[in-house]
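S.K.: These protein sequence lines map, in sequence, to chains A and B.
With the numbering used here, the residue at position 103 of the first sequence is 1375, and numbering never jumps.
With the numbering used here, the residue at position 144 of the second sequence is 1057, and numbering never jumps.
These are computed hints drawn from the structure, not numbers from a lab.
Not the full set, but computed from the structure, chain A residues with beta-carbon under 10 angstroms of chain B:
1. Arg1313
2. Ala1360
3. Leu1363
4. Ala1370
5. Lys1493
6. Ala1606
Note that CB positions come from ideal geometry on N, CA and C, so glycine has one too.
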Amino acid sequence: MADEPLVLGIETSCDETGVGIVRGTTLLADAVASSVNDHARFGGVVPEIASRAHLEAMVPTIQRALDTAGIKASDLDGIAVTAGPGLAGALLVGVSAAKAYAWALDKPLYGVNHLASHICVDQLEHGRLPEPTMALLVSGGHSSLLLTTDITSDVRPLGATIDDAAGEAFDKVARVLGLGFPGGPVVDRMAREGDPKAIAFPRGLSGAKDPAYDFSFSGLKTAVARWVEGRRRAGEDVPVADVAASFQEAVTDVLTRKAVKACRENGVDHLMIGGGVAANSRLREMAQQRCDKAGITLRVPRPGLCTDNGAMVAALGSEMVWRGRASSSLELSADSSLPVTEVSVPHNDVHGEAYRALGGGA
Amino acid sequence: MLLLAFDTATPAVTAAVHDGTAVLAQTHQVDARRHGELLLPAVAQVLAEAGADKHQLTGLVVGVGPGPYTGLRVGLVTAAALGHALGLPVYGVCTLDAIAHQARTEGLTGPFTVATDARRKEVYWASYDADGVRTEGPSVDRPAELTARPVAVGAGALLYRDAFPDARAPEHVSAGAMADFAATELAAGRELLAPLPLYLRRPDAQVPAGYKAVLPA
Ligand SMILES: [Zn+2]
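Next comes chain A alone, as it looks inside the complex:
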């Protein structure tokens, strides 16, 4: 197998149809077709709209990635695809397409975990991940602290949100403030004009007896809504920039504090931050300060690689090939709740065999 495996990755777990092409740890193409604007008026991602958009965008996005990379599909060493977690119907479009390409091109297929891909994408920016690496994954769908020693086989969850994901809190606060959807970029922008100390919003699960590595953003979101509504009822102006900055400060404070604590307590000196919220400028800034202070090396990919994309899937696929990991079978299924510990869905189809042993299941 090639030293620098050439792998195409397909990502359709939410509203971005992403196709990336990677050679080893070098990014050759990162084509994304987003349906985000089609969801905006609904205030959140509508699964059926996302699935329809994935079907329409699939082949053109693949072609665009191949053109950008300047390669032929037949040159590839493998096809990787997000098998889960994510929206079931959306995942299924990507998985079905990946299988078709893998079979038509006689290439191995790698069904991989979306969360592990978010971590692995950093290899495209900063080279191979140190072992071990602590990862803070924050997006509209997830907020977790993960410890990995080998990104193709060993990802251990240390903590996760017990209610809303961090990105969800951004969306909800943006709605409260009338800033539209998605909330992350606009809150970040507004916050730059505001005072992060203006309002003392609560830091969830930060008490001495609270779980050290879990997160909670639901209470914060409600606190922001109450504060804003209180102002409006009193007939006072809402200082949108101050609210955005103070809310953002509360989120990033908790995220970075817990991430640094997790590194310290587990003897890990590299922290990686990924997921859409990792594009947040204050999170990046605060994480850098706190990591510098704690002697931890911070790795955050550029914002375009933090949000969902195909490059991250290709990055993990390439690593799978490089390490000689098992490929997936053509019976690979999309798993909307694929556990984070399952970095890939390997060939041995235990479920399928059990299913067939039962006569196809009734």
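Following the hints, complete the assembly by docking chain B with the ligand onto the known chain A.
M.R.: This is chain B with the ligand only, laid out in the frame that chain A set:
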């Protein structure tokens, strides 16, 4: 001519290879929840059974529905990707037309209706005249709201006997019949459909009524 046909718009996952004259191989598995898992292995299987190499294919035929969307998209995206990777034309066939074609080749004469299960107590349906030409549909409706359909085939007809008293097989689509329909149309110089989904319904999505306050009113 060597066509690979498949359909995932009904609970059946079905694939077939057709040489322009006859069906060389075909598979048929009914499992409405596993279209994604079953389709590609079924495709590989029919090609192997037909003794054909995928690089010998001259075209792909795919059912464009109507049918439940999640399954329907498995077939359509698979067809689009295979067509792209193998450099083949992809032809769309209305799934109901394929069922109608099958019913006629199995001996059904006279005008009839094809109805499949659209879930939510509705059927996808279309009507055909004695020559097999589609005269109405495809549409999605509640069976009770349809005018009387004397003869009908398909799982939707079999499910709603009140609306379709004379319902009969075939229940689901077969890719062999779909391939045969496509081969006939192509040989006659007629155009097939674009390989785009016939959804017939808009996505379920509601614009939020407005911001919901957290504080009690
Ligand atoms: Zn993500």
